[in-house]
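Keeping their order, the protein sequence lines are chains A and B. For the first sequence, the working numbering gives the first residue as 1, with consecutive numbering after it. For the second sequence, the working numbering gives the first residue as 1, with consecutive numbering after it.
Treat each hint with caution, since some may be false.
[To be verified] Quick list of in silico lysine-lysine cross-link-like pairs, PhoX-like style, CA-CA up to 25 Å:
1) B/71 / A/22
2) B/51 / B/71
3) B/71 / A/49
[What the hints assert, rightly or not] Chain A regions said to be covered by chain B (calculated; three or more residues, Cβ under 8 Å):
4) 32-38
5) 46-52
6) 69-79
7) 93-99
The set of hints was computed from the structure by calculation and includes no laboratory data. From the three backbone atoms N, C-alpha and C, an ideal C-beta is built for every residue, glycine too.
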Amino acid sequence: AQSVAQPEDQVNVAEGNPLTVKCTYSVSGNPYLFWYVQYPNRGLQFLLKYITGDNLVKGSYGFEAEFNKSQTSFHLKKPSALVSDSALYFCAVRDLGNEKLTFGTGTRLTIIP
Amino acid sequence: NAGVMQNPRHLVRRRGQEARLRCSPMKGHSHVYWYRQLPEEGLKFMVYLQKENIIDESGMPKERFSAEFPKEGPSILRIQQVVRGDSAAYFCASSPTAGSTDTQYFGPGTRLTVL
């Protein structure tokens with residue numbers, strides 16, 4: 001079975017400060033990890049994914065995520081937050097041979113001007 | 001290259017009616033996934049289809065829900081005799097192949113309201 005936890009429902013960050021959105025996962029095999037962003041009344045937009053290789057993955061809009069196998073985490077980060085980053089962020093996981101994505105419950109990120 | 005298309009974007013039905021949701025995958029994508037998002041929750045997998053085949057329907061409710069992806073035309077998610085608990089956003093995603101590493105690209109969703 002595969003599962004994802006996003007421990008924070010809400011994260012508030014001042015504009016210009018670094019941001020982190022946390023995600024931990026559980027899979028039986030090697031994890032394939034994804035981050036998506038959802039703006040109000042819109043679908044999910046793909047940000048980045050970890051498959052293998054370098055633990056630091058760079059994605060769209062200046063976001064990056066760090067895969068940590070020992071802590072089973074895949075936290076999303078950005079060095080300097082923009083007001084336009086305010087949205088709902090979802091972490092998702094798949095393991096080998098499993099086609100369906102399992103999503104976390106989402107973290108609402110608010111960037112304060 | 002157009003993205004994943006879904007229609008209608010908003011659908012209102014009265015209890016007992018049928019809801020029919022359509023999804024056209026990205027060009028070149030032959031794998032379609034349906035997910036449901038209840039208010040203030042994450043997305044839950046419903047069904048995975050390839051052309052003319054249901055591959056995994058482990059997330060589909062046993063009754064009233066069905067899905068198809070015909071050889072020609074969009075994928076259809078059908079909900080018969082809708083109830084208020086069916087009110088949710090339904091998202092379709094597509095991918096070019098069946099690999100576990102492939103990215104699923106999502107459509108804008110259909111927001112179903114059952115009165």
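| Is residue 71 of chain B close enough to residue 22 of chain A, meaning Cα to Cα at most 25 Å? | Not satisfied, since the Cα-Cα distance of roughly 41 Å exceeds 25 Å.
| field | Residues of the region 69-79 of chain A with Cβ under 8 Å from chain B, three needed, outcome | value | With 0 residues in contact (Cβ-Cβ under 8 Å with chain B), the coverage given for the region 69-79 of chain A is violated.
| field | 8 Å C-beta criterion, at least three residues: is the region 32-38 of chain A covered by chain B | value | Our answer is that it holds, as 3 residues pass the Cβ test (under 8 Å) against chain B, meeting three.
| task | With a C-beta cutoff of 8 Å, work out whether three or more residues of the region 93-99 of chain A approach chain B closely enough for the coverage to hold. | result | Coverage by chain B holds here, the residue count being 6 at a Cβ distance below 8 Å.
| query | Are 3 or more residues of the region 46-52 of chain A near chain B, judged by a Cβ distance of less than 8 Å? | reply | holds (count 3)
| request: Compare the distance between the alpha carbons of residue 51 of chain B and residue 71 of chain B with 25 Å, and conclude whether the hinted pair is satisfied. | output: With Cα atoms ~6 Å apart, residue 51 of chain B and residue 71 of chain B stay inside 25 Å; holds.
| request: Take a quick look at whether residue 71 of chain B and residue 49 of chain A sit within 25 Å of each other, Cα to Cα. | output: Roughly 31 Å separates the two Cα atoms, so the pair is violated.
Checked against the numbered hints above, the structure violates hints 1, 3, 6; every other hint is satisfied.
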